[in-house]
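Asks: Below are the chains, spelled out letter by letter.
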Amino acid sequence: MSKIATDLGRDAIIAHREAASGQISVSVRDLVIRYGAQTVLDRMSLDIGRGEFLVLLGPSGCGKSTLLNAIAGLLDITDGEIWISGKNVTWDEPKDRGIGMVFQSYALYPRMSVEDNMGFGLKISGLPKAEVKARVAKAAQVLQIEALLKRKPAELSGGQRQRVAIGRALVRNVDVFLFDEPLSNLDAKLRAELRVEIKRLHQDLGNTMIYVTHDQIEAMTLADRIAIMKGGIIQQLAPPHEVYNKPCNLFVAGFIGSPGMNFLKGRLAIAGDTVAFDIGDLRIPLHAYERSGGPLVDGAEAVLGVRPEHISLGDAASGDDGGRRFRTPGRVEMVEPTGADTMLWSKLGAQSVTIRVSADVAYHLGDTITLALDLNRASLFDAKSGERL
Amino acid sequence: MTMATAHERRPRGPKPRRLTAGRIGIYAFVAVSCLFFLMPLYVMVVTSFKTLDEIRMSQIFALPSHFSVEPWVTAWSSACTGASCDGLKVGFTNSVLITAPSVVLSILAGALLGYSLSLWRTKGSNVLFGLLLAGAFLPYQIFIYPLVRIYAYVSLYGTLFNIITVHVIFGLPVMTLLFRNYFSSVPIELFKAARVDGAGFWRIFTSIMLPLSTPMIIVAVILQVTGVWNDFLLGTVFAGQANWPMTVQLNNIVNTTEGTRAYNVDMAATILTAAVPLLVYFVSGRWFVRGIAAGAVKG
Amino acid sequence: MARRQKRSWGATLTIVPFWVLVLGAYVGTMVWTVLISLTSSKMLPNTQFVGLAQYTRLFATERWNIAVHNIAIFGVLMMILCLVIGFLLAAMVDSKIRAEDTVRTIILYPQAISFIVTGLVWQWMMNPTVGIEKAMHDFGWMGFSFDWLVTPDKAIYALVLAGVWQGSGLIMALMLAGLRGIDQEIWKAARVDGIPTWRVYVSIALPMMRPTIVTAVVLMSLSVIKAYDLVVALTSGGPGLSTDVPAKFIMDFFFNRSNIGLATAACTVMLIFVLVVFTPWFYFEYFREKNGSR
Ligand SMILES: Nc1ncnc2c1ncn2[C@@H]1O[C@H](COP(=O)(O)OP(=O)(O)O)[C@@H](O)[C@H]1O
Ligand SMILES: [Mg+2]
Numbered sequence: 017m018s019k020i021a022t023d024l025g026r027d028a029i030i031a032h033r034e035a036a037s038g039q040i041s042v043s044v045r046d047l048v049i050r051y052g053a054q055t056v057l058d059r060m061s062l063d064i065g066r067g068e069f070l071v072l073l074g075p076s077g078c079g080k081s082t083l084l085n086a087i088a089g090l091l092d093i094t095d096g097e098i099w100i101s102g103k104n105v106t107w108d109e110p111k112d113r114g115i116g117m118v119f120q121s122y123a124l125y126p127r128m129s130v131e132d133n134m135g136f137g138l139k140i141s142g143l144p145k146a147e148v149k150a151r152v153a154k155a156a157q158v159l160q161i162e163a164l165l166k167r168k169p170a171e172l173s174g175g176q177r178q179r180v181a182i183g184r185a186l187v188r189n190v191d192v193f194l195f196d197e198p199l200s201n202l203d204a205k206l207r208a209e210l211r212v213e214i215k216r217l218h219q220d221l222g223n224t225m226i227y228v229t230h231d232q233i234e235a236m237t238l239a240d241r242i243a244i245m246k247g248g249i250i251q252q253l254a255p256p257h258e259v260y261n262k263p264c265n266l267f268v269a270g271f272i273g274s275p276g277m278n279f280l281k282g283r284l285a286i287a288g289d290t291v292a293f294d295i296g297d298l299r300i301p302l303h304a305y306e307r308s309g310g311p312l313v314d315g316a317e318a319v320l321g322v323r324p325e326h327i328s329l330g331d332a333a334s335g336d337d338g339g340r341r342f343r344t345p346g347r348v349e350m351v352e353p354t355g356a357d358t359m360l361w362s363k364l365g366a367q368s369v370t371i372r373v374s375a376d377v378a379y380h381l382g383d384t385i386t387l388a389l390d391l392n393r394a395s396l397f398d399a400k401s402g403e404r405l
Numbered sequence: 401m402t403m404a405t406a407h408e409r410r411p412r413g414p415k416p417r418r419l420t421a422g423r424i425g426i427y428a429f430v431a432v433s434c435l436f437f438l439m440p441l442y443v444m445v446v447t448s449f450k451t452l453d454e455i456r457m458s459q460i461f462a463l464p465s466h467f468s469v470e471p472w473v474t475a476w477s478s479a480c481t482g483a484s485c486d487g488l489k490v491g492f493t494n495s496v497l498i499t500a501p502s503v504v505l506s507i508l509a510g511a512l513l514g515y516s517l518s519l520w521r522t523k524g525s526n527v528l529f530g531l532l533l534a535g536a537f538l539p540y541q542i543f544i545y546p547l548v549r550i551y552a553y554v555s556l557y558g559t560l561f562n563i564i565t566v567h568v569i570f571g572l573p574v575m576t577l578l579f580r581n582y583f584s585s586v587p588i589e590l591f592k593a594a595r596v597d598g599a600g601f602w603r604i605f606t607s608i609m610l611p612l613s614t615p616m617i618i619v620a621v622i623l624q625v626t627g628v629w630n631d632f633l634l635g636t637v638f639a640g641q642a643n644w645p646m647t648v649q650l651n652n653i654v655n656t657t658e659g660t661r662a663y664n665v666d667m668a669a670t671i672l673t674a675a676v677p678l679l680v681y682f683v684s685g686r687w688f689v690r691g692i693a694a695g696a697v698k699g
Numbered sequence: 004m005a006r007r008q009k010r011s012w013g014a015t016l017t018i019v020p021f022w023v024l025v026l027g028a029y030v031g032t033m034v035w036t037v038l039i040s041l042t043s044s045k046m047l048p049n050t051q052f053v054g055l056a057q058y059t060r061l062f063a064t065e066r067w068n069i070a071v072h073n074i075a076i077f078g079v080l081m082m083i084l085c086l087v088i089g090f091l092l093a094a095m096v097d098s099k100i101r102a103e104d105t106v107r108t109i110i111l112y113p114q115a116i117s118f119i120v121t122g123l124v125w126q127w128m129m130n131p132t133v134g135i136e137k138a139m140h141d142f143g144w145m146g147f148s149f150d151w152l153v154t155p156d157k158a159i160y161a162l163v164l165a166g167v168w169q170g171s172g173l174i175m176a177l178m179l180a181g182l183r184g185i186d187q188e189i190w191k192a193a194r195v196d197g198i199p200t201w202r203v204y205v206s207i208a209l210p211m212m213r214p215t216i217v218t219a220v221v222l223m224s225l226s227v228i229k230a231y232d233l234v235v236a237l238t239s240g241g242p243g244l245s246t247d248v249p250a251k252f253i254m255d256f257f258f259n260r261s262n263i264g265l266a267t268a269a270c271t272v273m274l275i276f277v278l279v280v281f282t283p284w285f286y287f288e289y290f291r292e293k294n295g296s297r
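Chains as they are written, first to last, in this note's numbering: chain V, 17 to 405; chain H, 401 to 699; chain W, 4 to 297.
None of these hints come from the bench; they were simulated from the model. Note that the structure is a prediction, hence the values are computed from the model and not measured. Take the hints with a grain of salt, since some may be wrong.
Said to hold, decoys possible - Simulated pairs of lysine-lysine, DSBU-like, Cα-Cα distance not exceeding 35 Å:
1) W:157 / V:111
2) W:137 / H:489
3) V:139 / H:489
4) W:191 / H:415
5) V:246 / V:205
6) V:205 / V:215
7) W:99 / H:415
8) V:111 / W:137
9) W:191 / V:103
10) W:99 / V:168
11) W:191 / V:205
12) V:246 / W:191
13) V:168 / V:149
14) V:154 / V:168
15) V:246 / H:415
16) V:111 / H:415
17) W:191 / V:166
18) W:191 / V:215
19) V:168 / V:215
20) W:191 / V:149
21) W:191 / V:145
22) W:191 / V:154
23) V:139 / W:191
24) V:103 / W:99
25) V:166 / V:149
26) W:99 / V:246
27) W:137 / V:139
28) V:111 / V:149
29) V:205 / V:262
30) V:103 / H:489
31) V:215 / V:246
32) W:191 / V:168
Unchecked claim - Sample of chain W residues with no beta-carbon within 12 Å of chain V, all distances over it, derived:
33) 31
34) 33
35) 51
36) 78
37) 98
38) 149
39) 187
40) 190
Idealized CB from N, CA, C, for every residue including glycine.
Isolated chain V (complex conformation) (with noise of 0.2 Å):
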């Protein structure tokens, strides 16, 4: 009894939480899923807002597809519920739960025209003709395909079918919209343009949109929020300056960004309030690092993680900064000319680094130059469980 009344105690808050705030769109909570003895995801919770544009990044095969479907209503659930726009969908059709999606295949009825395809939902639905292709119409219109109405999918290049695919969700007029690498099938040029398209289409509507990518330039551009995930558990949910810029471990900070972020092996070197790090005999003080949590332990193995374009070439005089930068002599062992910028190999300690430098100045194996680390926008993790310190 108790527990009935305390599961619907629970029910009644979140109602009222989602009557009064409406700010939550799609609710994942204790997701599981499993194939056979395999768990793909272990009690994932997730919280979506209102007009949120969410992308889920991850290598391949971590389990961002299966997401996806679980709460567009492709695949049944082993445990746990999807709520969409205040409402439990957990055993809802798909076509129920205020949805629409693109697939990486596009996945376009080969045999029906543009017209016949994005109307195709409404008409099986019931709507009158007259409506359909009103709709229709003007889903063309916004994304510019209606001179391709009349034609067959096959007749299309890859950027015409994926807007007719974007279209098939548009005419829906639904509340979420849920992309599944829509752009991985396209040249590198077609993603740009496809890219701006997706992300002014998202301002104009204003709907949540749940996106899937391997691709982290299109997370950072499209996402309010990118939840970063391995292996069926998300690492880190933030906006992509914060994911970018304060990765909140190992993983994260070495999936985002290219080239990588270096990573330092060495010791933490704690005396009384001054914390430094050691790598061999040279020691980085630290007190313009802004910590994060995590104790500090004297001696303790950990990894300093700096950016290569967080790494500035210097002169060894120049200006005090408070201790920002941490200074330290350095030679050219590798230049790698990559059109926009340089990167540049070079040694600290005996640990190998990227800088990232302008590609105005040249620069010559052999040089010697001075390596300026920015201490500040540096990442420091614990070596063992690599979570940021």
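Starting from the structure of chain V, add chains H and W with the ligands where the hints point.
Replies: Same frame as chain V, but now just chains H and W with the ligands:
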């Protein structure tokens, strides 16, 4: 009650497997189809164990009141096929004698020709392949009579040699198609590497391509064993009475019996004739499906 | 784009016997058959040229016309029924049923056995005095009548029934492969759009399977034209001529009635029919795409 309502308010976990009308319909259809396809097998088996009296008294779906193996013995060793009364065992031996060499030879020929056509491209190989395939599509009747005259001319008509070579000839198109397509899908670099290593036509065939083609050989064996064993038309025309395969003997036992028909013996004989291909089918499982899909052109 | 290799003696020496075989056993015999059909041959082939006289006689032969009429009915019914049943079976197997493998095994086993076996079993079951009709009477359904096999008007349906029993499994297998080849995301998209499953099959899957259906139709029509064993075992062409078919007509005129001229004329008609109907398909299927891709 409260439990149920609480649950209904908060669905969680997997969807309950509700038996919808659609699901019931599907399973009804499954049941009816299975019954339809199994019925003849069932009728064959129960009939073959009944006595003739019981067949007259009861009906075809009834189980035999006591199992009689008599019909099986008769069918195997003493049923009459028109002229002689030696049962099906003669046909069985003939079928084995026809099938074994036909299968081996036609697979070898098909593999060799498929290999030549896919990897060597001699002049006119597309024409040759086209002619062969056309041969696979045309009814045998178009070739039969001149072939009879040719074999008769060299005094080989109606011999074991005759029926075996005819099976090899008519099996060649499908076998070639199978192996040609298979060898075409082998990475060409393998072939080029072997050429660079100095291997020639035969060496590449025996050392590289044949060992690679085990899956195709299995499919081909299944296809040819069932195909040759089940053949009736070529057997009637070319095998000669002494070498008639089991299918021809079976049809004679059943369709030319004078006087009262022994349905139980007929059905035992029918099962005996179907036994070898059925065994191949049940043992090979998925391979068989691949085989019929690949060999479907033979029709 | 054809690959060109240096000439190899091994390849040339291998291919020559096959050329001889194909030119002799296929092309030669075919030409020979056509030539005989232009002569007055009766029991033995002769060389007396009579032009198209055998064809005139053939088309005036009542039995030939009946056989052609029969095969047309048989063919159309076979194709429609096998396609419909094969598709339904494939959709059924595809809809996540339990024991899918067992069901598939059951549907496909007739494919493994000889037409002779099929013919004899169904002959036994459709026998009105001892078969299914009697069983139904014994169960108390006295009005039940199942006399196709002995009724001239209906005997052709008996042939169709046995043919469908044996042949629909293959069509099911082809259709199932076609269904499984459809992009899974299309099914998901349709579900999100709220399209009922049957509607997805009919409006989306079926049109996508057009190549599969074409293949199925071609295969079936070829086996219909060749239909011989089943007829011999099930009805021997009877009662009367009600289930006679061209293939049986030809065999009878070759080997029982010793009218070689007429039989070869019938062969030639068959040959022309097959060539006219299937050459376009044949060309597309085996040569066109390959030239493009290799
Ligand atoms: N139908 C299935 N059966 C078994 N395992 C599956 C199935 N679908 C996905 N998986 C497994 O679930 C994991 C996550 O898959 P998915 O969500 O597709 O990853 P991604 O993040 O690349 O989209 C993978 O390890 C995959 O092997
Ligand atoms: Mg995925």
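Asks: Looking back at the numbered hints, which does the structure fail to meet, lowest number first?
Replies: 1, 3, 8, 27, 30, 39 and 40
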